[in-house]
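There are 2 protein chains.
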Amino acid sequence: MTIGIIGLGLIGGSMAIDLKRRGFASCVLGVEADPFHAEAALKMQLCDEIVPYEECLDRCDIVVVAVPVGTAVKMVCDILDHFQKADTPDKIVIDVCSTKEQINLSTQYHPRREQYVSTHPMAGTEYSGPWAAMPNLFDGRACIIANQEESSPKALKTVEQLYDVLNMRLIFMSAASHDVHTAYVSHISHVTSFALALTVLDKEKDEKHIFDLASGGFSSTVRLAKSSADMWVPILSQNHDNVLRVIDTYIEKMKAFRDAIADYDQDKIRSLIGEANRIRKIIR
Amino acid sequence: MTIGIIGLGLIGGSMAIDLKRRGFASCVLGVEADPFHAEAALKMQLCDEIVPYEECLDRCDIVVVAVPVGTAVKMVCDILDHFQKADTPDKIVIDVCSTKEQINLSTQYHPRREQYVSTHPMAGTEYSGPWAAMPNLFDGRACIIANQEESSPKALKTVEQLYDVLNMRLIFMSAASHDVHTAYVSHISHVTSFALALTVLDKEKDEKHIFDLASGGFSSTVRLAKSSADMWVPILSQNHDNVLRVIDTYIEKMKAFRDAIADYDQDKIRSLIGEANRIRKIIR
Chain H
0 MTIGIIGLGL
10 IGGSMAIDLK
20 RRGFASCVLG
30 VEADPFHAEA
40 ALKMQLCDEI
50 VPYEECLDRC
60 DIVVVAVPVG
70 TAVKMVCDIL
80 DHFQKADTPD
90 KIVIDVCSTK
100 EQINLSTQYH
110 PRREQYVSTH
120 PMAGTEYSGP
130 WAAMPNLFDG
140 RACIIANQEE
150 SSPKALKTVE
160 QLYDVLNMRL
170 IFMSAASHDV
180 HTAYVSHISH
190 VTSFALALTV
200 LDKEKDEKHI
210 FDLASGGFSS
220 TVRLAKSSAD
230 MWVPILSQNH
240 DNVLRVIDTY
250 IEKMKAFRDA
260 IADYDQDKIR
270 SLIGEANRIR
280 KIIR
Chain W
0 MTIGIIGLGL
10 IGGSMAIDLK
20 RRGFASCVLG
30 VEADPFHAEA
40 ALKMQLCDEI
50 VPYEECLDRC
60 DIVVVAVPVG
70 TAVKMVCDIL
80 DHFQKADTPD
90 KIVIDVCSTK
100 EQINLSTQYH
110 PRREQYVSTH
120 PMAGTEYSGP
130 WAAMPNLFDG
140 RACIIANQEE
150 SSPKALKTVE
160 QLYDVLNMRL
170 IFMSAASHDV
180 HTAYVSHISH
190 VTSFALALTV
200 LDKEKDEKHI
210 FDLASGGFSS
220 TVRLAKSSAD
230 MWVPILSQNH
240 DNVLRVIDTY
250 IEKMKAFRDA
260 IADYDQDKIR
270 SLIGEANRIR
280 KIIR
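Top line first, the protein sequences correspond to chains H and W. When you line the first sequence up against numbering that gives the first Met the number 0, it's residues 0 to 283, in that order. When you line the second sequence up against numbering that gives the first Met the number 0, it's residues 0 to 283, in that order.
Be a bit skeptical, because a hint or two may be false.
No more than 20 Å apart at the CA atoms, straight line, and that leaves these computed lysine to aspartate or glutamate pairs for DMTMM-like [as the list claims (entries may be wrong)]:
id : chain 1 : residue 1 : chain 2 : residue 2
1  : H       : K202      : W       : D201
2  : W       : K204      : H       : D247
3  : H       : K280      : W       : D205
4  : W       : K202      : H       : E251
5  : W       : K267      : H       : D211
6  : W       : K202      : H       : E274
7  : W       : K267      : H       : D229
8  : H       : K254      : W       : D205
9  : H       : K254      : W       : D264
10 : H       : K19       : H       : D163
11 : W       : K254      : H       : D240
12 : H       : K204      : W       : D240
It should be emphasised that the hints constitute simulated quantities derived from the structure, not laboratory data. Please read all numbers here as calculations on a predicted model, not as lab measurements.
Kindly generate the complete structure, drawing on both the sequences and the hints.
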């Protein structure tokens with residue numbers, strides 16, 4: 000099978016590596032807007048060829064849209080248009096974006112909607128670009144497929160096979176549910192991490208202290224603050240309502256801690272920490 | 000050298016392991032208030048013997064106080080009293096607590112203050128108890144020695160050797176500076192992590208969603224929320240002023256994100272993330 004991957008960054012590049020070496024893809028065609036990234040992707044052999052966008056759509060069986068979600072919304076529609084014009088009913092397009100509602104709303108009445116499968120492989124690191132791509136990134140992680148009833152059974156089955164090859168656990172839910180739950184479990188932790196970095200950089204005027212004193216705990220909590228604006232500005236903007244709701248709850252919790260500490264209320268601090276410790280049973 | 004360790008939890012237990020196997024301690028005496036922990040520590044061979052507190056002070060050359068900081072403040076004074084009564088000028092007591100100002104204020108006029116070295120080995124995990132102890136925990140991490148001029152040169156030299164054996168990088172600063180900088184770089188990240196856990200547990204009524212959807216990023220950001228109340232209630236209480244100051248700045252940064260998202264101000268979100276990304280250069 001020929002797989003076209005648009006955007007050879009962390010996610011697209013890592014998919015390219017494992018789909019090829021695990022035999023799902025006989026050929027991987029890459030499309031990359033940034034010439035510097037394109038050259039790096041070729042040198043690192045993330046794909047067999049870098050080709051123009053149109054050529055990729057013409058030659059591949061499955062197109063993976065792995066660009067930031069603002070661009071992806073328009074691109075998936077454009078690819079479905081192309082499938083319609085070329086009358087290629089067996090081709091499939093998937094996206095791998097972290098918000099799902101807007102892209103599903105935009106495509107819902109497209110006559111070729113059935114050829115689109117809306118997915119979110121929940122794996123990644125705080126790094127980006129072709130240099131961040133790595134083998135085995137997806138193994139054992141969750142992949143959400145949103146609004147699966149809007150895809151054709153055949154397209155859905157092929158995409159399930161693709162994620163099987165990547166060793167992902169499939170979870171099915173509506174695009175709306177996806178955006179609520181990822182705001183609660185994923186998007187908020189990026190915002191808290193960005194805010195932590197801003198706070199430390201603000202309070203610690205001498206960066207040497209941060210470097211010297213950063214423990215493993217601080218490093219792990221601030222890690223996501225290295226994540227790129229190109230990816231996160233559109234996610235936070237598209238998932239606006241859910242993200243605001245969870246930020247408001249989060250600020251309330253921070254204030255509860257603040258007040259308990261300000262009041263020297265050790266019982267209250269203890270009870271807040273005890274409640275937070277419930278996460279031990281859920282996250283290993 | 001005979002080392003007495005009071006409190007065989009994560010820090011005390013891990014010190015016991017490496018000081019013994021690396022030859023610094025010929026004998027490790029453990030003192031453990033919790034009989035269940037005492038039994039576990041013996042079974043795991045964290046120490047050679049579990050002995051009563053007084054016997055430990057009589058027999059050892061160096062006492063390591065590795066109990067929560069609320070208890071440690073009184074205990075270090077009590078041990079210095081004991082050194083005075085028994086007239087043992089060569090014995091040394093160190094503590095390993097995460098706040099340093101209160102313990103230094105409490106001991107500053109003690110006639111045996113010179114026999115105390117105030118230290119904070121900045122290593123750890125989110126786990127506690129003797130089961131959390133592990134070899135190599137301290138290798139390559141920073142250890143702060145506070146108010147070193149108040150310790151005798153001889154005691155200081157011995158303690159420097161002890162931390163050399165643990166492969167720690169020594170950093171010297173005043174107890175007051177220590178508490179400011181650890182509030183900024185360490186204590187705040189525990190509070191943000193506790194608040195994140197509380198938020199997710201509040202918003203996600205169905206814990207299965209958290210379990211299913213938790214990515215590596217979320218897990219790493221929420222990891223510190225597993226930390227124990229016994230350790231963190233006294234730290235947050237003792238470092239009250241510094242912790243409140245950094246929490247207030249943090250809440251401001253969260254609100255800046257909130258407002259930028261609420262206003263659909265993508266340029267502002269981008270600039271906040273760009274600023275936060277500066278942490279890339281400091282934390283690997």
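Hints versus structure:
Between the alpha carbons of K202 (chain H) and D201 (chain W) the distance comes to roughly 30 Å, so the proposed pair goes past 20 Å and is violated. Between K204 (chain W) and D247 (chain H), the direct Cα distance comes to roughly 17 Å. Compliance with the 20 Å bound is thereby established for this hinted pair. For the hint pairing K280 (chain H) with D205 (chain W), the CA-to-CA distance comes to about 13 Å; that is within 20 Å, so the pair holds. Using a Cα cut-off of 20 Å, the hinted pair K202 (chain W) and E251 (chain H) holds, with the two alpha carbons roughly 12 Å apart.
Under the criterion of a C-alpha separation no larger than 20 Å, the hint pairing K267 (chain W) with D211 (chain H) is inconsistent with the structure, at around 31 Å. Distance restraint check for K202 (chain W) and E274 (chain H): the Cα-Cα separation of roughly 14 Å lies within the 20 Å cut-off, and the hinted pair is therefore satisfied. For a cut-off of 20 Å, the pair hint linking K267 (chain W) to D229 (chain H) stands: about 13 Å separates their Cα positions. The suggested pairing of K254 (chain H) with D205 (chain W) is violated, with an alpha-carbon distance near 24 Å, which exceeds 20 Å.
At most 20 Å may separate the alpha-carbon atoms for a hinted pair to count; K254 (chain H) and D264 (chain W) exceed this at roughly 25 Å. The straight-line distance between the Cα atoms of K19 (chain H) and D163 (chain H) is roughly 14 Å, inside the 20 Å bound, and the hint therefore holds. Proposed proximity of K254 (chain W) and D240 (chain H) is supported: the alpha carbons are some 15 Å apart, at most 20 Å. A C-alpha spacing of about 18 Å is found between K204 (chain H) and D240 (chain W), which places the hinted pair at or below 20 Å, so the restraint holds.
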